[in-house]
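**Q** Residue strings, one per chain:
Number of protein chains: 2
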Amino acid sequence: MAVYTDVSDEELQAFLSDYDLGELVAFKGIAEGVENSNFLLETERGPFILTLYEKRVNPADLPFFLNLMEHLAECGINCPLPVHDRDGRVLKQLAGRPAAIVTFLRGISVRRPKVAHCALIGRSLAELHKAAEGFGMHRVNTLSLQGWRALFDTFADKADLIAAGFSAELADELGVLEDAWPTNLPAGIIHGDLFPDNVFFLDARVSGIIDFYFACRDTLAYDLAICLNAWCFEHDVSFNVTKGRALIDGYSAVRPLSAAELNALPLLSRGAALRFLLTRAYDWLHTPQNALVRPKDPHEYRRKLRFHQSVRRAEDYGIAT
Amino acid sequence: MAVYTDVSDEELQAFLSDYDLGELVAFKGIAEGVENSNFLLETERGPFILTLYEKRVNPADLPFFLNLMEHLAECGINCPLPVHDRDGRVLKQLAGRPAAIVTFLRGISVRRPKVAHCALIGRSLAELHKAAEGFGMHRVNTLSLQGWRALFDTFADKADLIAAGFSAELADELGVLEDAWPTNLPAGIIHGDLFPDNVFFLDARVSGIIDFYFACRDTLAYDLAICLNAWCFEHDVSFNVTKGRALIDGYSAVRPLSAAELNALPLLSRGAALRFLLTRAYDWLHTPQNALVRPKDPHEYRRKLRFHQSVRRAEDYGIAT
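Chains as they are written, first to last, in numbering that gives the first Met the number 0: chain A, 0 to 320; chain B, 0 to 320.
Some hints could be false.
The list treats identical chains as interchangeable, and a pair is accepted whether it falls inside one copy or across any two copies.
Straight-line alpha carbon distances no greater than 30 Å define the calculated DSS-like cross-link-like pairs of lysine-lysine that follow [to be verified]:
| id | residue 1 | residue 2 |
| --- | --- | --- |
| 1 | LYS54 | LYS27 |
| 2 | LYS113 | LYS91 |
| 3 | LYS157 | LYS54 |
| 4 | LYS113 | LYS129 |
| 5 | LYS27 | LYS295 |
| 6 | LYS295 | LYS54 |
| 7 | LYS91 | LYS27 |
Derived by calculation from the structure, the hints in this document are not laboratory data.
Note that the structure is a prediction, hence the values are computed from the model and not measured.
Isolated chain A (complex conformation):
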C-alpha cells in the first residue's frame, strides 16, 4: 500500500498538458506497489496509471525499467506500456519526483493461486524471458549474492531480535551460497519480483504483469526459483508439489530448461528464499512498531528457506523425471 506523494489538481493539469490524452475525468491514489506512489488517471482516452517514483527507486534505473516495459509490451507481453508525451518522452517530472504514465491493465490478482494459475505464470515467465532477449539495455542485480552479503552486514548484529540464532543461520546460508552459487547458467532479463500481487488474471489467462522495478540481468532459472517461492507454497508454508510441477512444466513448454538449470533449482530456490528473507528481515527491524503499514513477517521465508535446504533433488519440486 502506498501513495506517499500528494499531487494537486493544478500540478496534474499542467503535467497532462504535455500529453495527447484529452481531458482529465478522474484521479485517485491507488494502493498498488509499495515502493512508489501510484494513481488511477482517467482521461477521455481511457484509464491510465500515473507513477511517481519515490526514494527507494534509483532514478538512474528508470530508463531501463520504462524501456523494458515498452520493449516487452511491443513483443506482446501484457505489461504496462509507457505513454509518450508530445515530445516523445516517457520519463518526466511531477511534484518534484520522476514520473511516468503507463497503460491501465485489467484483471485481478489472486491471493491463493491454484494449480492453473501456476501453470499460466510459468508460461508467462518464459514468454517474458524470451521476449526480453532482444532488449539492449543492462542493469546489474543489486539484490544478488554480493548484495545479500552487504544487506546482511547492515543488520547482522540485530538479526537475533527476530529469532534466537537467526543471525548465525543467515551467515551459514550465505556461506553455503557463496561457495556453490551457479554462475554459468543461461542469463537474461529477469522480472525479479513476480509475486501474485504483481500479476493480474482475467478470463483464465494472464492479463497483466506489473512492477518491473526489480528487473535486471541475472540467471533466468533464478527468476523461476523466485516464482517457486512466491506461487507454490500453501498458506501453512508447505510446498505444493503439484503447483511446482505446473509452474515448471508451464515454463518448460515455452523455454525448455537444461539439465544444469533443473539440477540448480534447489540451490537457486534457497537463494531466492534468502533474498526475500533478508529484505523482509531488514524491513522488520527498521519499521517502527506502531507504523500503520506493517512489514511482512520474515518467518514465512525462513520456513521456505528451510524447506529448500531439505531438498536434495530437483524432482522434489515436481519435475517429471
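Model the placement of chain B on the given structure of chain A, informed by the hints.
**A** Just chain B now, with coordinates in the frame of chain A:
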C-alpha cells in the same frame, strides 16, 4: 488515505455473486476517505466504489447514510448511488465488515478552490439541503455542541502539548458557544464535512459530492459555516472575502438565507472551526509520532477560529448589505 482491510479475490468473487454486475474486470484499493477502506471495483457494467466500513463508523448509522445517498441521488444530486443486490439490499458484509457498493463518480477534487468553485459549491450545498427535505430518517449530530465538550474533556489535560495556553483557549471558546449557540434556526439534513476533497468538479460543474459519513440533522446554516471554513481561506489562512461572498451568494440563490441565519454566521463559523480544531487536536495527540499517515495540523483551525472570533458582523464574510 485509507484501505485498512484486505479483501481476497475469492471473498470478493463470492460477494459479487449476489449482484447483477457482470464479471469483475479490475479491483484496486484507493486512497479516498480516511475513515473507511475504499476500492475501485470495475465490472462489465462499469466502474464502482466498494466501501468497507471500519471502526470509526457506527454500523447502526449505515442505513441512514446509504438511504440518504439513495434519496439524494434520486433527487438529482450528484452523489454516489448505492447499488442493490438481487435481494434489494445495499448494506452487506465483506471480510468481516459492513460493506456497500456505490456508483463511481467522475471528476477531480480541487486543492486550491477558486472563486468559481466556491460559487458552485454554495449552490450545490443549498440544492442538497433542499433535496434532503423529503428524507424521512433521523440522525443526531454527535459532533455538535455537546459532543465538542465531551471530546474536549478527553484531552483537556494534554491540549497544552500542542501549544501553550491551548487548553484554556478551547475551554473559553466552548463556554462562549455554550452560552450563545443558536437553537432556533432552520434545521434539516446537513452534509457536515463538505471539504474540497469530498467534491469532484468536471466541465465547470459539481460532478460529485461524496463521503456522507458525518451527515445528520442540524442547523442548515451551520453546514454553510463549515464550507466557509473549508473553502474560503487561502493557504496562508487569510479569509478571502470574495470567495466568502461567492459561496454565500451561490447558496442564497437556491435557498435564501433569513436575517437570523445571516446574523448567526459568525457564531456558526466559530463553532465549525472549533469542531474541526477539536477533532484535529484529538487526532494529533493520539497518532504515534512515526505513523506513516500524519494527522492534519490543528494550528490551521486554531487560526481560522481566531479569525471568526474577530468577526463582528456577517458582512465581514462578504455578504452584500
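**Q** Which earlier hints can't be squared with this structure?
**A** Structure breaks no hint.
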